[in-house]
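Engineer: The chain contents come next:
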Amino acid sequence: MTLSDFPWALTAAHTLLAVLGAAMVCSAVRLLRGPSLPDRVVALDLLVIAAVAVAAILAWVYRQPALIDLAVLLALTAFISTVALAWYMERSRP
Amino acid sequence: MEMVWLISALALAGLGTLLILLAAVGVLRMPDVYMRMQVASKASTLGAALVLVGAAVGLGDSPAAVRAAVAIVFLCITTPVGAHLLGRSAARKGVPFSEETRRDPAEFDQPAEAE
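For the protein sequence lines, the chains are C and U, in the order given. Following this note's numbering, the numbering of the first sequence begins with 1 at its first residue and continues without gaps. Following this note's numbering, the numbering of the second sequence begins with 1001 at its first residue and continues without gaps.
No lab work stands behind these hints, which were simulated from the structure alone. Take these hints with a grain of salt, some might be off.
Using C-beta positions, here's what the derived DEER-type ranges look like [what the hints assert, rightly or not]:
| hint | chain 1 | residue 1 | chain 2 | residue 2 | range |
| --- | --- | --- | --- | --- | --- |
| 1 | U | Trp1005 | C | Ala18 | 22 to 32 angstroms |
| 2 | U | Arg1088 | C | Thr11 | 36 to 46 angstroms |
| 3 | U | Ser1008 | C | Trp87 | 37 to 47 angstroms |
| 4 | U | Val1081 | C | Leu17 | 28 to 38 angstroms |
| 5 | C | Arg91 | U | Lys1042 | 25 to 35 angstroms |
| 6 | C | Leu73 | U | Gln1038 | 18 to 28 angstroms |
| 7 | U | Arg1029 | C | Ala18 | 18 to 28 angstroms |
| 8 | U | Cys1076 | C | Val29 | 23 to 33 angstroms |
| 9 | C | Pro7 | U | Ser1098 | 44 to 54 angstroms |
| 10 | C | Thr11 | U | Glu1100 | 34 to 44 angstroms |
Glycine included, C-beta positions come from ideal geometry on N, C-alpha and C.
Take the sequences, apply the hints, and build the full model.
Structural biologist: Here it is in structure tokens:
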């Protein structure tokens, strides 16, 4: 069951990748103009979750199961960075 | 039969992608840090889980499915914890609430306890 046997399915998967790119652009706009630091951290978290979805779809389209490991590692890094930034925000004086 | 698996994988991944797009639009449009946080944590967790299930169905071998399940469990555990920590530190830092929020934010004003 390779995806490249079905051209319409390949087109649909590429459309999904484009939609995820639009979502990443939306959260990048919030990352750039967020009024406070928590806004930027939330936007960064959403950006990394969209990157997890992109890695999963790429693993499916190009039949590279190692990219699923990339998705796991991205989720791990996003959690650790969110916790570290929250800790930093709570400790810093306003 | 192949076609059924392919279409179901595409449907799952498409639904998850739509949820992630909705989360991004909500992060862009919501008026408040806290509303943005709840949009980004709930919808994007379900969306990424659906995309991972769709990719596992499309790949169709069991090691990839196991790793996708590990990723889903990990996301479902860590995303609410991260959002809670972020919301608590934002409230303690004094990030203003939206005008439409009814709750009195003064009770969040005590400093973080020393450890």
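Engineer: So which of the earlier hints does this model not fit?
Structural biologist: none
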